[in-house]
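Visitor: Sequence:
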Amino acid sequence: MTLQERLNNDDRFAKSIGAQLVEVREGYARARLTITEQHLNGAGVCQGGVIYTLADLAFAAVANCHGILSLGISNTITFIKSAQLGETINAECIEQVNHHKLPYCDIKVSNEQGETLAIMTGLAYRMKKDFEFDSLM
0 MTLQERLNND
10 DRFAKSIGAQ
20 LVEVREGYAR
30 ARLTITEQHL
40 NGAGVCQGGV
50 IYTLADLAFA
60 AVANCHGILS
70 LGISNTITFI
80 KSAQLGETIN
90 AECIEQVNHH
100 KLPYCDIKVS
110 NEQGETLAIM
120 TGLAYRMKKD
130 FEFDSLM
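Once you know that position 88 of the sequence shown is 87 in this note's numbering, the rest is easy, because the numbers rise by one and skip nothing.
These are computed hints drawn from the structure, not numbers from a lab.
Glycine included, each C-beta is placed from N, C-alpha and C at the ideal position.
Among the clues, some could well be false.
To be verified - Here are the simulated distance ranges between beta carbons:
| hint | residue 1 | residue 2 | range |
| --- | --- | --- | --- |
| 1 | S134 | Q112 | 29 to 37 Å |
| 2 | T77 | D133 | 33 to 41 Å |
| 3 | K100 | A42 | 26 to 34 Å |
| 4 | G113 | V44 | 15 to 23 Å |
| 5 | D129 | G43 | 39 to 47 Å |
What the hints assert, rightly or not - Here are the simulated DSBU-like cross-link-like pairs (lysine-lysine), alpha carbons at most 35 Å apart as the crow flies:
| hint | residue 1 | residue 2 |
| --- | --- | --- |
| 6 | K80 | K128 |
| 7 | K100 | K128 |
| 8 | K107 | K80 |
| 9 | K127 | K100 |
| 10 | K127 | K107 |
| 11 | K100 | K14 |
| 12 | K100 | K80 |
| 13 | K107 | K14 |
| 14 | K14 | K128 |
| 15 | K127 | K14 |
| 16 | K107 | K128 |
All chains, full assembly: derive it from the sequences and hints.
Guide: Laid out in C-alpha coordinates, this is it:
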(Lines of atoms letter the chains of each structure in order from A and count residues from 1; the text may use other names and numbers.)
(Lines give C-alpha, C1' and ligand atoms only; values in the text may rest on other atoms or scores of the structure.)
Protein backbone atom coordinates (compact mmCIF):
# COMPACT_ATOMS: atom_id res chain seq x y z
CA MET A 1 0.00 0.00 0.00
CA THR A 2 1.30 3.49 -0.85
CA LEU A 3 1.50 6.33 1.66
CA GLN A 4 -1.20 8.12 -0.34
CA GLU A 5 -3.53 5.11 -0.11
CA ARG A 6 -2.74 4.51 3.54
CA LEU A 7 -3.61 8.03 4.63
CA ASN A 8 -6.63 8.32 2.31
CA ASN A 9 -8.01 5.09 3.81
CA ASP A 10 -6.85 5.28 7.43
CA ASP A 11 -7.42 8.96 8.25
CA ARG A 12 -11.07 8.30 8.91
CA PHE A 13 -12.04 11.85 9.80
CA ALA A 14 -10.44 13.39 6.72
CA LYS A 15 -12.07 10.67 4.62
CA SER A 16 -15.48 11.35 6.20
CA ILE A 17 -15.43 14.99 5.05
CA GLY A 18 -14.24 14.13 1.53
CA ALA A 19 -10.59 15.22 1.82
CA GLN A 20 -8.21 13.24 -0.40
CA LEU A 21 -4.47 13.26 -1.01
CA VAL A 22 -3.94 13.71 -4.74
CA GLU A 23 -0.15 14.03 -4.87
CA VAL A 24 2.65 12.88 -2.58
CA ARG A 25 6.37 13.33 -3.21
CA GLU A 26 9.26 13.43 -0.81
CA GLY A 27 8.86 16.71 1.06
CA TYR A 28 5.64 17.70 -0.76
CA ALA A 29 1.96 16.76 -0.71
CA ARG A 30 -1.29 18.15 -2.09
CA ALA A 31 -4.77 17.36 -0.79
CA ARG A 32 -8.10 18.35 -2.33
CA LEU A 33 -11.70 18.81 -1.21
CA THR A 34 -14.87 20.15 -2.82
CA ILE A 35 -17.00 22.29 -0.50
CA THR A 36 -20.51 20.87 -0.05
CA GLU A 37 -23.47 21.82 2.15
CA GLN A 38 -22.11 19.65 4.98
CA HIS A 39 -18.98 21.85 5.18
CA LEU A 40 -20.82 25.15 5.72
CA ASN A 41 -20.98 26.97 9.04
CA GLY A 42 -23.73 29.24 10.36
CA ALA A 43 -22.49 32.12 8.22
CA GLY A 44 -22.89 30.05 5.03
CA VAL A 45 -19.16 29.69 4.31
CA CYS A 46 -16.81 26.76 4.80
CA GLN A 47 -16.21 25.92 8.45
CA GLY A 48 -12.61 26.58 9.50
CA GLY A 49 -12.17 23.06 10.85
CA VAL A 50 -12.71 21.67 7.36
CA ILE A 51 -9.91 23.82 5.97
CA TYR A 52 -7.68 22.86 8.91
CA THR A 53 -8.37 19.15 8.36
CA LEU A 54 -7.49 19.40 4.67
CA ALA A 55 -4.21 21.17 5.52
CA ASP A 56 -3.48 18.63 8.26
CA LEU A 57 -3.92 15.72 5.82
CA ALA A 58 -1.30 17.19 3.48
CA PHE A 59 0.93 17.85 6.50
CA ALA A 60 0.57 14.22 7.66
CA ALA A 61 1.73 12.97 4.26
CA VAL A 62 4.85 15.14 4.27
CA ALA A 63 5.70 14.52 7.92
CA ASN A 64 5.47 10.75 7.40
CA CYS A 65 6.99 10.50 3.90
CA HIS A 66 10.36 9.43 5.29
CA GLY A 67 8.89 6.24 6.79
CA ILE A 68 9.04 7.26 10.46
CA LEU A 69 5.79 7.74 12.38
CA SER A 70 5.44 11.49 12.87
CA LEU A 71 2.64 13.19 14.77
CA GLY A 72 1.77 16.88 14.75
CA ILE A 73 2.63 18.66 17.98
CA SER A 74 2.10 22.30 17.02
CA ASN A 75 0.08 23.81 14.20
CA THR A 76 -0.88 27.41 13.61
CA ILE A 77 -3.42 28.40 10.98
CA THR A 78 -4.38 31.85 9.73
CA PHE A 79 -7.61 32.17 7.75
CA ILE A 80 -7.40 34.80 5.03
CA LYS A 81 -10.46 34.29 2.82
CA SER A 82 -13.59 32.16 3.09
CA ALA A 83 -14.18 29.09 0.94
CA GLN A 84 -17.56 28.99 -0.77
CA LEU A 85 -20.07 26.25 -1.56
CA GLY A 86 -19.07 24.39 -4.72
CA GLU A 87 -15.42 25.46 -4.68
CA THR A 88 -12.67 22.89 -4.90
CA ILE A 89 -9.86 23.78 -2.55
CA ASN A 90 -6.29 22.47 -2.37
CA ALA A 91 -3.80 22.27 0.48
CA GLU A 92 -0.14 22.19 -0.55
CA CYS A 93 2.41 21.22 2.07
CA ILE A 94 6.14 21.79 1.67
CA GLU A 95 8.72 20.44 4.07
CA GLN A 96 10.95 23.29 5.22
CA VAL A 97 13.06 21.40 7.75
CA ASN A 98 13.62 17.63 7.68
CA HIS A 99 14.86 17.43 11.26
CA HIS A 100 15.43 13.95 12.69
CA LYS A 101 13.01 14.66 15.59
CA LEU A 102 11.07 17.83 14.75
CA PRO A 103 10.21 18.24 11.06
CA TYR A 104 8.67 21.59 10.12
CA CYS A 105 6.32 22.34 7.19
CA ASP A 106 4.46 25.23 5.58
CA ILE A 107 0.97 24.56 4.22
CA LYS A 108 -1.03 26.84 1.92
CA VAL A 109 -4.73 26.34 1.19
CA SER A 110 -6.08 27.94 -1.98
CA ASN A 111 -9.15 27.88 -4.19
CA GLU A 112 -9.42 27.09 -7.92
CA GLN A 113 -8.52 30.68 -8.82
CA GLY A 114 -5.27 30.37 -6.88
CA GLU A 115 -6.44 32.73 -4.14
CA THR A 116 -4.94 31.97 -0.75
CA LEU A 117 -7.59 30.95 1.78
CA ALA A 118 -5.36 29.97 4.70
CA ILE A 119 -1.73 29.54 5.68
CA MET A 120 -0.67 26.95 8.24
CA THR A 121 2.60 25.95 9.82
CA GLY A 122 3.16 22.45 11.14
CA LEU A 123 5.68 21.01 13.56
CA ALA A 124 5.73 17.24 14.09
CA TYR A 125 7.46 14.86 16.44
CA ARG A 126 9.12 11.77 14.97
CA MET A 127 8.44 8.70 17.06
CA LYS A 128 10.82 5.76 17.38
CA LYS A 129 8.52 3.70 15.19
CA ASP A 130 8.47 2.92 11.48
CA PHE A 131 5.52 4.08 9.38
CA GLU A 132 5.42 1.48 6.65
CA PHE A 133 4.28 1.89 3.05
CA ASP A 134 5.47 0.53 -0.31
CA SER A 135 5.90 3.86 -2.11
CA LEU A 136 4.67 7.44 -1.83
CA MET A 137 2.09 7.24 -4.64
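Visitor: None of the hints should be skipped; say for each whether it holds.
Guide: Evaluated hints:
1. S134 to Q112: 29 to 37 Å: holds, 33 Å
2. T77 to D133: 33 to 41 Å: 36 Å Cβ-Cβ, so the 33 to 41 Å window holds.
3. K100 to A42: 26 to 34 Å: Hint violated: Cβ distance 40 Å, outside 26 to 34 Å.
4. G113 to V44: 15 to 23 Å: holds, 19 Å
5. D129 to G43: 39 to 47 Å: holds, 44 Å
6. K80 to K128: violated, 38 Å
7. K100 to K128: holds, 12 Å
8. K107 to K80: holds, 12 Å
9. K127 to K100: Distance ~9 Å between K127 and K100 Cα, so the pair holds.
10. K127 to K107: Measuring from Cα to Cα gives roughly 29 Å; hence the hint holds.
11. K100 to K14: Holds: K100 and K14 sit about 28 Å apart, inside 35 Å.
12. K100 to K80: holds, 33 Å
13. K107 to K14: holds, 20 Å
14. K14 to K128: holds, 24 Å
15. K127 to K14: Holds. K127 to K14 sits at ~27 Å (cutoff 35 Å).
16. K107 to K128: At roughly 28 Å apart (the allowed maximum being 35 Å), K128 and K107 satisfy the hint.
Of the numbered hints stated above, those contradicted by the structure are hints 3, 6, listed in ascending order.
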